[in-house]
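Residue numbers (full-length UniProt numbering), protein chains in the order written: chain H, 1 to 259; chain B, 1 to 259; chain U, 1 to 259; chain L, 1 to 259.
Treat the hints as calculated values from the structure; they're not laboratory data.
Keep in mind that a hint or two might mislead.
Cβ-Cβ distance ranges computed for the label pairs, FRET-style [claimed, not checked]:
(1) B/Lys22 <-> U/Ser244: 39 to 47 Å
(2) U/Ser229 <-> L/Arg176: 24 to 32 Å
(3) B/Asp117 <-> L/Arg176: 29 to 37 Å
(4) H/Trp232 <-> B/Lys36: 55 to 63 Å
(5) B/Gly154 <-> U/Ser229: 51 to 59 Å
With the C-beta cut set under 10 Å, the calculated list includes, among others, these residues of chain H facing chain L [said to hold, decoys possible]:
(6) Gly9
(7) Tyr13
(8) Lys36
(9) Thr54
(10) Pro55
(11) Ile77
(12) Gly80
(13) Gly93
(14) Ser97
(15) Asp105
(16) Lys106
(17) Ser231
(18) Ile233
(19) Asp236
A virtual CB, placed ideally from N, CA and C, is assigned to each residue, including glycine.
There are 4 protein chains.
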Amino acid sequence: MCRWLSYIGDPVYLDSLVFEPKHSLVAQSLHAEEAKTPTNGDGFGIGWYGDRHTPGLYREILPAWNDANLQSLAHNIESGLFFAHVRASTGTGTSRSNCHPFAYDKYLFMHNGQIGDYKLVRRELEALIDDKYYCSRQGTTDSELIFYLMLSFGLELDAHRAIRKAIETVEAAMRRHDIKAAFRFTACLSDGESLCAVRYASDDKPPSLYYRKRGNQVIVVSEPLDAESASWIALDRNQSLHVSRDLTISKDMMLEACA
Amino acid sequence: MCRWLSYIGDPVYLDSLVFEPKHSLVAQSLHAEEAKTPTNGDGFGIGWYGDRHTPGLYREILPAWNDANLQSLAHNIESGLFFAHVRASTGTGTSRSNCHPFAYDKYLFMHNGQIGDYKLVRRELEALIDDKYYCSRQGTTDSELIFYLMLSFGLELDAHRAIRKAIETVEAAMRRHDIKAAFRFTACLSDGESLCAVRYASDDKPPSLYYRKRGNQVIVVSEPLDAESASWIALDRNQSLHVSRDLTISKDMMLEACA
Amino acid sequence: MCRWLSYIGDPVYLDSLVFEPKHSLVAQSLHAEEAKTPTNGDGFGIGWYGDRHTPGLYREILPAWNDANLQSLAHNIESGLFFAHVRASTGTGTSRSNCHPFAYDKYLFMHNGQIGDYKLVRRELEALIDDKYYCSRQGTTDSELIFYLMLSFGLELDAHRAIRKAIETVEAAMRRHDIKAAFRFTACLSDGESLCAVRYASDDKPPSLYYRKRGNQVIVVSEPLDAESASWIALDRNQSLHVSRDLTISKDMMLEACA
Amino acid sequence: MCRWLSYIGDPVYLDSLVFEPKHSLVAQSLHAEEAKTPTNGDGFGIGWYGDRHTPGLYREILPAWNDANLQSLAHNIESGLFFAHVRASTGTGTSRSNCHPFAYDKYLFMHNGQIGDYKLVRRELEALIDDKYYCSRQGTTDSELIFYLMLSFGLELDAHRAIRKAIETVEAAMRRHDIKAAFRFTACLSDGESLCAVRYASDDKPPSLYYRKRGNQVIVVSEPLDAESASWIALDRNQSLHVSRDLTISKDMMLEACA
Numbered sequence: 001m002c003r004w005l006s007y008i009g010d011p012v013y014l015d016s017l018v019f020e021p022k023h024s025l026v027a028q029s030l031h032a033e034e035a036k037t038p039t040n041g042d043g044f045g046i047g048w049y050g051d052r053h054t055p056g057l058y059r060e061i062l063p064a065w066n067d068a069n070l071q072s073l074a075h076n077i078e079s080g081l082f083f084a085h086v087r088a089s090t091g092t093g094t095s096r097s098n099c100h101p102f103a104y105d106k107y108l109f110m111h112n113g114q115i116g117d118y119k120l121v122r123r124e125l126e127a128l129i130d131d132k133y134y135c136s137r138q139g140t141t142d143s144e145l146i147f148y149l150m151l152s153f154g155l156e157l158d159a160h161r162a163i164r165k166a167i168e169t170v171e172a173a174m175r176r177h178d179i180k181a182a183f184r185f186t187a188c189l190s191d192g193e194s195l196c197a198v199r200y201a202s203d204d205k206p207p208s209l210y211y212r213k214r215g216n217q218v219i220v221v222s223e224p225l226d227a228e229s230a231s232w233i234a235l236d237r238n239q240s241l242h243v244s245r246d247l248t249i250s251k252d253m254m255l256e257a258c259a
Numbered sequence: 001m002c003r004w005l006s007y008i009g010d011p012v013y014l015d016s017l018v019f020e021p022k023h024s025l026v027a028q029s030l031h032a033e034e035a036k037t038p039t040n041g042d043g044f045g046i047g048w049y050g051d052r053h054t055p056g057l058y059r060e061i062l063p064a065w066n067d068a069n070l071q072s073l074a075h076n077i078e079s080g081l082f083f084a085h086v087r088a089s090t091g092t093g094t095s096r097s098n099c100h101p102f103a104y105d106k107y108l109f110m111h112n113g114q115i116g117d118y119k120l121v122r123r124e125l126e127a128l129i130d131d132k133y134y135c136s137r138q139g140t141t142d143s144e145l146i147f148y149l150m151l152s153f154g155l156e157l158d159a160h161r162a163i164r165k166a167i168e169t170v171e172a173a174m175r176r177h178d179i180k181a182a183f184r185f186t187a188c189l190s191d192g193e194s195l196c197a198v199r200y201a202s203d204d205k206p207p208s209l210y211y212r213k214r215g216n217q218v219i220v221v222s223e224p225l226d227a228e229s230a231s232w233i234a235l236d237r238n239q240s241l242h243v244s245r246d247l248t249i250s251k252d253m254m255l256e257a258c259a
Numbered sequence: 001m002c003r004w005l006s007y008i009g010d011p012v013y014l015d016s017l018v019f020e021p022k023h024s025l026v027a028q029s030l031h032a033e034e035a036k037t038p039t040n041g042d043g044f045g046i047g048w049y050g051d052r053h054t055p056g057l058y059r060e061i062l063p064a065w066n067d068a069n070l071q072s073l074a075h076n077i078e079s080g081l082f083f084a085h086v087r088a089s090t091g092t093g094t095s096r097s098n099c100h101p102f103a104y105d106k107y108l109f110m111h112n113g114q115i116g117d118y119k120l121v122r123r124e125l126e127a128l129i130d131d132k133y134y135c136s137r138q139g140t141t142d143s144e145l146i147f148y149l150m151l152s153f154g155l156e157l158d159a160h161r162a163i164r165k166a167i168e169t170v171e172a173a174m175r176r177h178d179i180k181a182a183f184r185f186t187a188c189l190s191d192g193e194s195l196c197a198v199r200y201a202s203d204d205k206p207p208s209l210y211y212r213k214r215g216n217q218v219i220v221v222s223e224p225l226d227a228e229s230a231s232w233i234a235l236d237r238n239q240s241l242h243v244s245r246d247l248t249i250s251k252d253m254m255l256e257a258c259a
Numbered sequence: 001m002c003r004w005l006s007y008i009g010d011p012v013y014l015d016s017l018v019f020e021p022k023h024s025l026v027a028q029s030l031h032a033e034e035a036k037t038p039t040n041g042d043g044f045g046i047g048w049y050g051d052r053h054t055p056g057l058y059r060e061i062l063p064a065w066n067d068a069n070l071q072s073l074a075h076n077i078e079s080g081l082f083f084a085h086v087r088a089s090t091g092t093g094t095s096r097s098n099c100h101p102f103a104y105d106k107y108l109f110m111h112n113g114q115i116g117d118y119k120l121v122r123r124e125l126e127a128l129i130d131d132k133y134y135c136s137r138q139g140t141t142d143s144e145l146i147f148y149l150m151l152s153f154g155l156e157l158d159a160h161r162a163i164r165k166a167i168e169t170v171e172a173a174m175r176r177h178d179i180k181a182a183f184r185f186t187a188c189l190s191d192g193e194s195l196c197a198v199r200y201a202s203d204d205k206p207p208s209l210y211y212r213k214r215g216n217q218v219i220v221v222s223e224p225l226d227a228e229s230a231s232w233i234a235l236d237r238n239q240s241l242h243v244s245r246d247l248t249i250s251k252d253m254m255l256e257a258c259a
């Protein structure tokens, strides 16, 4: 179980969200409150959009609280759309390739959750990655695999449909192997224009997900960055959130048919 | 505040103490119970004596729970006298050079605690390191500094006296700078023959220290490795422990005059 | 293209071969002479057999010439059968999981060479890994893939046959994709009892491979450790070398039918 | 001996100089041509000025050619004044703290060269660092020490004078210890407004230094980035170069009195 944050809105320096709030993402990496695992010290990553075609990406296997590079980068990089993630491994190794966010072309993806009994379905799901993307995958996590399934299922044409199909495909594979453990999927995706977040689980314990809009800033997070609890809106189970460049927010029960 | 373990006795594989006990040192790195900081994820190290003149040393900046190399090394290295340490930084950077144990010639040293307001006395104390040792120091921690003070004060001739003089010297410098913060020093030292542990603090909160002798095995630890609480003996404040190669144990209030 | 060394014989400290010779493996990592790439700075690894069921393994992404841990480990670890490898990446990322040697159960494997146009055949070859081994694979290199193909092809029953079948399988896949680039495979394998080295290429440029027996010591290397050129015996193209625990050496043209 | 590059002018993406030229700094890290050591694989760093008070800093102990983070950062960070450095250690350890550039407040500094027999004068020179800066020093290199000497000698008031005094101080200490080895100092310094480069040596072998002005771009480098040799101007021995924000270039023999 991991912790993550995404932001869309007027450009801000990354440290204003990643480091400065009382319960910032880096503070959460040491003491998460709503996570199954309080310590998220198995690597971290940031991804941000600027003027280039592809987003910037910085991932490291150290704990986020311990990396002087991250402090300097977050202090000096300004972005109007970025992701940050701190990782608690669910079994796969600690390497940069296994750290979130994952990037492909203009897309960023990050995830909190897991495919239950992943080893039983890994091979079968990997076989569904389209040839076009197969050799771009760099790590061994279930999270990156889901990202490549979404790409293979037409993410570039219809994100909504690709996410749904990825969830259905994972669950179908789990059923074939009679897996009782849950599939938990609280994730965030962007193409550099808008962002899409999903809070899904095959059981009734989807990892928490909140957002807040204030002025020209929308923050989407695993858990609130401060104690102003009234200001944070929790997503319901199986709800998805879409925030466009002009900060129009829409919510959807897109995934209810999956379970 | 850190957690550490030392062992002297019949040769054992390191993982039998570092990984296998329910509350092993690596388990403590994620969830320490008697420490001020529950997470000790700012690097770790092992040092062990074999047949060479100098001890082996493996230090890494990753959290101990996350390092496949440590697992393999601890599973394959057998020793009759070794140290293991997990670090929670008290302000100095995370680099291998700042990880314990520190080694010089045949000596190993590791420490839990800190010099209060270290920055105020750092320069003055560094100036007391003997020329012979000055360029061997690799890092910037107060812990390594104390080790080099002990070496400079004749550790090779009279360990007892060198430790006492190092403590007195640190406290005198702190007094000169009118430092109110405490000096805490729960530390372990070995020359490859015997081991010496100290539980000292300038205030009444010395970090915890326990030991247990069973058969031909003596373990000295920051906190017990298992719940058999009756089997672990706590050292008193300002008490030192000496364990010789034949496992003769002696305790001493060697430091009472320092405070 | 990488450089490697393996040793079987009376126990020696690893540094006597890895660091001390004039043209030691670590010296080769900075200035290889018979390799296509003179610098092998993309990670390294050592694997050694002791009294445990599985070999010890230490792999790191730093250049070998730069790692204080490697120096200390090689100085303090003694073994009668060990592998050491310095890596120059042929395209896959630098992570510990991609460093040689690779270990599975009691087996160690390391490789110099590559599958030409690996991306074209990667998927097809990965699909041939037996379910039993599929999730044990940790990295993304062609080298580790070949190791898992050998395991899948019965390495535990008949190493000779499994190696041959792996080579034939790789070449058949390359032919199906009409790949003109060469398959180069100068590799070493051990089960903890004996070691087997192979110098193979689909073209006439197999990476170099030498061995030397002196007293109770057999060394197998990518290039000689010293200038006593008469003492090193080069393997022929497509020749394999087998050295048993009692240091009986046999050579074979086992692979001639493959090409 | 290291390789470095600095840039001042219209904002450019860092990778246009660090990666893209045929003989880019990263290409030089594998195959330097004018350096004593062809491989500069002992860490690297970039420092850049943007809109913050302090420059951004990213330093890592991997070889520069091997770091995916560096590629992404250099592709996405744009700056009108930046430094990049690839390191070949002259004896001190490989840690991020020992990688260039070094930063203090608004200043960046990087260096190619060394203080001959540094261990003999290290203590004496460290004693000259002003109290104000003493605890900001993080590493153990001679390069960082010289930077802190310059700060202590009034860099913020008169850079020219501080550099000269630092050189004189180092040489005086070397003379007192009767050191015959050379002091070599090809270095670059910036306060975020202008940049100052120096090519100095106590003997007649100062490390190479070139610059080129084209349009609104000035590049200062250890060795040319391309084969257009006529376009690169070499600095003379003991010459300094100053480039202001408006790209006015002045050269000076400021150091001739030092030798």
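Hints, one by one, checked against the model:
no., hint, in the structure
1, B/Lys22 <-> U/Ser244: 39 to 47 Å, "holds, 43 Å"
2, U/Ser229 <-> L/Arg176: 24 to 32 Å, "violated, 49 Å"
3, B/Asp117 <-> L/Arg176: 29 to 37 Å, "holds, 34 Å"
4, H/Trp232 <-> B/Lys36: 55 to 63 Å, "violated, 31 Å"
5, B/Gly154 <-> U/Ser229: 51 to 59 Å, "holds, 52 Å"
6, Gly9, "violated, 18 Å"
7, Tyr13, "holds, 8 Å"
8, Lys36, "violated, 29 Å"
9, Thr54, "holds, 7 Å"
10, Pro55, "holds, 8 Å"
11, Ile77, "holds, 7 Å"
12, Gly80, "violated, 14 Å"
13, Gly93, "violated, 17 Å"
14, Ser97, "holds, 9 Å"
15, Asp105, "violated, 13 Å"
16, Lys106, "violated, 13 Å"
17, Ser231, "violated, 28 Å"
18, Ile233, "violated, 32 Å"
19, Asp236, "violated, 35 Å"
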